[in-house]
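2 protein chains.
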Amino acid sequence: MKSVITVELPQQSYDIVVAPEGVAHLGNWMEPLKLGKKVLLVSNPIVFNHYGAKLNASLAATGFEVSHCILPAGERYKTLNSIQKLYDAALNSRLERSSTIVALGGGVIGDMAGFAAATWLRGIHFVQVPTSLLAMVDAAIGGKTGVNHPKGKNLIGAFHQPRLVLIDPQVLTTLPTREFRAGMAEVIKYGVIWDAELFAQLEAAERLDQPRYISEDLLQTILTRSCQSKAHVVSKDEKEAGLRAILNYGHTIGHAVESLTGYRVVNHGEAVAIGMEAAGRIAVELNLWTPEACDRQRALIEKTGLPTRLPAGLKIDEVVATLQTDKKVQAGKVRFVLPTEIGTVKVTDEVPSAVVHQVLQAIGSP
Amino acid sequence: MKSVITVELPQQSYDIVVAPEGVAHLGNWMEPLKLGKKVLLVSNPIVFNHYGAKLNASLAATGFEVSHCILPAGERYKTLNSIQKLYDAALNSRLERSSTIVALGGGVIGDMAGFAAATWLRGIHFVQVPTSLLAMVDAAIGGKTGVNHPKGKNLIGAFHQPRLVLIDPQVLTTLPTREFRAGMAEVIKYGVIWDAELFAQLEAAERLDQPRYISEDLLQTILTRSCQSKAHVVSKDEKEAGLRAILNYGHTIGHAVESLTGYRVVNHGEAVAIGMEAAGRIAVELNLWTPEACDRQRALIEKTGLPTRLPAGLKIDEVVATLQTDKKVQAGKVRFVLPTEIGTVKVTDEVPSAVVHQVLQAIGSP
Ligand SMILES: NC(=O)c1ccc[n+]([C@@H]2O[C@H](COP(=O)([O-])OP(=O)(O)OC[C@H]3O[C@@H](n4cnc5c(N)ncnc54)[C@H](O)[C@@H]3O)[C@@H](O)[C@H]2O)c1
Ligand SMILES: NC(=O)c1ccc[n+]([C@@H]2O[C@H](COP(=O)([O-])OP(=O)(O)OC[C@H]3O[C@@H](n4cnc5c(N)ncnc54)[C@H](O)[C@@H]3O)[C@@H](O)[C@H]2O)c1
Ligand SMILES: [Zn+2]
Ligand SMILES: [Zn+2]
Numbered sequence: 001m002k003s004v005i006t007v008e009l010p011q012q013s014y015d016i017v018v019a020p021e022g023v024a025h026l027g028n029w030m031e032p033l034k035l036g037k038k039v040l041l042v043s044n045p046i047v048f049n050h051y052g053a054k055l056n057a058s059l060a061a062t063g064f065e066v067s068h069c070i071l072p073a074g075e076r077y078k079t080l081n082s083i084q085k086l087y088d089a090a091l092n093s094r095l096e097r098s099s100t101i102v103a104l105g106g107g108v109i110g111d112m113a114g115f116a117a118a119t120w121l122r123g124i125h126f127v128q129v130p131t132s133l134l135a136m137v138d139a140a141i142g143g144k145t146g147v148n149h150p151k152g153k154n155l156i157g158a159f160h161q162p163r164l165v166l167i168d169p170q171v172l173t174t175l176p177t178r179e180f181r182a183g184m185a186e187v188i189k190y191g192v193i194w195d196a197e198l199f200a201q202l203e204a205a206e207r208l209d210q211p212r213y214i215s216e217d218l219l220q221t222i223l224t225r226s227c228q229s230k231a232h233v234v235s236k237d238e239k240e241a242g243l244r245a246i247l248n249y250g251h252t253i254g255h256a257v258e259s260l261t262g263y264r265v266v267n268h269g270e271a272v273a274i275g276m277e278a279a280g281r282i283a284v285e286l287n288l289w290t291p292e293a294c295d296r297q298r299a300l301i302e303k304t305g306l307p308t309r310l311p312a313g314l315k316i317d318e319v320v321a322t323l324q325t326d327k328k329v330q331a332g333k334v335r336f337v338l339p340t341e342i343g344t345v346k347v348t349d350e351v352p353s354a355v356v357h358q359v360l361q362a363i364g365s366p
Numbered sequence: 001m002k003s004v005i006t007v008e009l010p011q012q013s014y015d016i017v018v019a020p021e022g023v024a025h026l027g028n029w030m031e032p033l034k035l036g037k038k039v040l041l042v043s044n045p046i047v048f049n050h051y052g053a054k055l056n057a058s059l060a061a062t063g064f065e066v067s068h069c070i071l072p073a074g075e076r077y078k079t080l081n082s083i084q085k086l087y088d089a090a091l092n093s094r095l096e097r098s099s100t101i102v103a104l105g106g107g108v109i110g111d112m113a114g115f116a117a118a119t120w121l122r123g124i125h126f127v128q129v130p131t132s133l134l135a136m137v138d139a140a141i142g143g144k145t146g147v148n149h150p151k152g153k154n155l156i157g158a159f160h161q162p163r164l165v166l167i168d169p170q171v172l173t174t175l176p177t178r179e180f181r182a183g184m185a186e187v188i189k190y191g192v193i194w195d196a197e198l199f200a201q202l203e204a205a206e207r208l209d210q211p212r213y214i215s216e217d218l219l220q221t222i223l224t225r226s227c228q229s230k231a232h233v234v235s236k237d238e239k240e241a242g243l244r245a246i247l248n249y250g251h252t253i254g255h256a257v258e259s260l261t262g263y264r265v266v267n268h269g270e271a272v273a274i275g276m277e278a279a280g281r282i283a284v285e286l287n288l289w290t291p292e293a294c295d296r297q298r299a300l301i302e303k304t305g306l307p308t309r310l311p312a313g314l315k316i317d318e319v320v321a322t323l324q325t326d327k328k329v330q331a332g333k334v335r336f337v338l339p340t341e342i343g344t345v346k347v348t349d350e351v352p353s354a355v356v357h358q359v360l361q362a363i364g365s366p
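Chains as they are written, first to last, in UniProt numbering: chain A, 1 to 366; chain B, 1 to 366.
It is worth saying that the hints were derived from the structure and are not from the lab. Beta carbons: idealized from backbone N, C-alpha and C, even for Gly. Keep in mind that the hints are not guaranteed to be accurate.
Below, simulated DMTMM-like cross-link-like pairs (lysine to aspartate or glutamate); rule was C-alpha separation at most 25 Å, straight line [to be verified]:
# : chain 1 : residue 1 : chain 2 : residue 2
1 : B       : Lys-37    : B       : Glu-65
2 : A       : Lys-37    : B       : Glu-96
3 : A       : Lys-236   : B       : Glu-96
4 : A       : Lys-151   : B       : Asp-326
Which bits of chain A does chain B cover? Going by a derived footprint, with three or more residues having C-beta under 8 Å, they are [stated by the list, open to error]:
# : region
5 : 75-87
6 : 146-155
A short list of chain B residues far from chain A (calculated; beta carbon distances all over 10 Å) [as the list claims (entries may be wrong)]:
# : residue
7 : Lys-38
8 : Lys-54
9 : Val-319
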């Protein structure tokens, strides 16, 4: 069983392939793309240890010359300094315009490898082999690449589209549970903002909290439909504007919660889960959404093992103040993405701050 | 007297404005572009000293909030390290997606400021105010931005189009003569590869070796027609391929001469002048060009004060060997751009190496 989603773009289209055993066949998927012989494989020690040898073997068997650059794992290494290491590796491997950088890893590796590919020789080929659920359904799609500045996340970057995204669901078996759940938050998001059918299939599953309880079929569906949603939204809106804004569902309050807890207590997916709960309740208060739909969303989030309440000790006033400083705030009005049905949202900056307060109070720690 | 050349691009078109007193009116030219309020002005101490105050005043008068980042002058500072300083300045000035980076300087400043604009927040607005002749007629047009890697020139970079290029011919009065001549090599190049009328107007001038001997009218014509040639070629071929290759006229042997002399004895323009003389002679040997046309080209180069003979001590064999290592060499065949008429060239990799040898011998030091 495999799915291929073609992302149509003005310059060059590319495929997202969801295929069990995909890692062992990367070379075959790359062959028809007429890429040069040289490949620089970028990964971190954890992921490379699990899947590096398989990927290598497949690339070598199809005639690619592979060199490696293994960067330390973790968001705190998503820096210009790591990019400098990638440039040195690109130079030492004598990469040419026709060469390819392959990212094997989560969103951190994908963002960095993509930025190096965007800027080495003013742009060389790029292939994504995302290995975390978040990278599969979110980070690997849409062409955003980049690194953090010491004073802010993702401030440095470029748009650079991959030539191929290869998703092998089987690599999720080694992903830590908490990382898996973080990705599930984005999956639920796609259900609410875009894909009621995906939402229904998630509801029908008995357990969603670990990949091993999810059937191969359902996992394939989750990956395929999530990628379709993101690809559809971003290909209609290649640069950030209009439609792309709906992808921020759950992220307005989510970002505030993440940053107030220093990106440590709560991870991105957990923050988004809390943010979706908040946005859902705001929509109910404003009579945009039914309480029943909001309850269904909460049940789904909880089935995944994700939180729906603010972390203990977080001050409501601080959350509201942080919302105001978000870079997307215009003229003091916070922009929210709010559901109107399961599968449909609207973007609005007309949410009274009293409503925000009330909802945060309701989901605050008792 | 002013000229406006509109460069048509699929995403967003922009104007190249050639206007005496332009520096004092930058703000007015930027106003209609609907840019954000914040501007980060990038320059070096020499150029900023001459023109910074004027530019500042104009931007302030039209309501822009200007901050500065002054980088040290010189090619050896065209590094990722300088880019990091630009990022810090962008952060400290709180640049937003709608903000603009303005480059005031030669090609070195333009390339770096452009790369920072390409990669800060994944791309913000960029305005070029080129102050060297080379930057005016070449570096500022075409969207190439970037920096050097310690082991190779321009290896790191991105394509990023400016929103405006403002050329003020009057700033050339302070440009060192040798830098002026370097730019004239590219001007003559446009005459030979594309614009016979420009070539004829250059021939008609009494002196070309210093800007002060060139009439205001002729200078305006030189700048306008050169920009038109480059803009036309690159807008037909936004990424490097096909047509854009003709811009390498004189650069094949030119690059070899530059790199063999360590980028010190001979500057880029001087190397291109020597390269054009060599390419012209090769074309004559191959019966593609008339000896008369080649003589006319030599007379024009010499009138500008540029060399047409190899620097003393350079070994012919080394030049030929270096040609072979050029990154554009495919399957061992060196690609040449050769004139067939004044105003027309063809690209060929069918030049017998005996002919290359013979021509280099003829222009070698006696
Ligand atoms: N470019 C985009 O559009 C976009 C979108 C969303 C997020 N992001 C970025 O993505 C990053 C977060 O991505 P992430 O959540 O994948 O984090 P990550 O890359 O740090 O991966 C999380 C952890 O899981 C490990 N891991 C990954 N796959 C594994 C596997 N199959 N088996 C065992 N361990 C595995 C990694 O080594 C890491 O320790 C952030 O930097 C964020 O800014 C980018
Ligand atoms: N992006 C492109 O398409 C492209 C094309 C060609 C060259 N370039 C790049 O451009 C650079 C060369 O540009 P350049 O020749 O302008 O060199 P440059 O920027 O170093 O300028 C040459 C010197 O002239 C000084 N100067 C510039 N304008 C002046 C003025 N009006 N008055 C007094 N002094 C002035 C500068 O301070 C510098 O010392 C190289 O790095 C090259 O790679 C880029
Ligand atoms: Zn997210
Ligand atoms: Zn040149």
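Here's how the hints hold up against the structure:
Proximity of B/Lys-37 to B/Glu-65 is assessed by CA-CA distance (about 6 Å); at most 25 Å being required, the pair is judged to hold. Restraint check for A/Lys-37 and B/Glu-96: the C-alpha separation of about 40 Å exceeds 25 Å, so the hint is violated. Pair hint A/Lys-236 plus B/Glu-96 holds up; C-alpha atoms about 24 Å apart against a cutoff of 25 Å. A C-alpha spacing of about 41 Å is found between A/Lys-151 and B/Asp-326, which places the hinted pair above 25 Å, so the restraint is violated.
Under a criterion of three residues with beta carbons nearer than 8 Å to beta carbons of chain B, the stated coverage of the region 75-87 of chain A is upheld, 3 such residues being counted. Coverage of the region 146-155 of chain A by chain B holds [criterion: at least 3 residues with CB-CB distance below 8 Å; count 5]. Against chain A, the non-interface label of B/Lys-38 holds: every CB pair exceeds 10 Å, the least being about 13 Å. At roughly 31 Å, the least C-beta separation between B/Lys-54 and chain A is larger than 10 Å, which holds for a residue marked as non-interface.
A cut-off of 10 Å between C-beta atoms confirms that B/Val-319 is not in contact with chain A; the least separation is 23 Å.
Checked against the numbered hints above, the structure violates hints 2 and 4; every other hint is satisfied.
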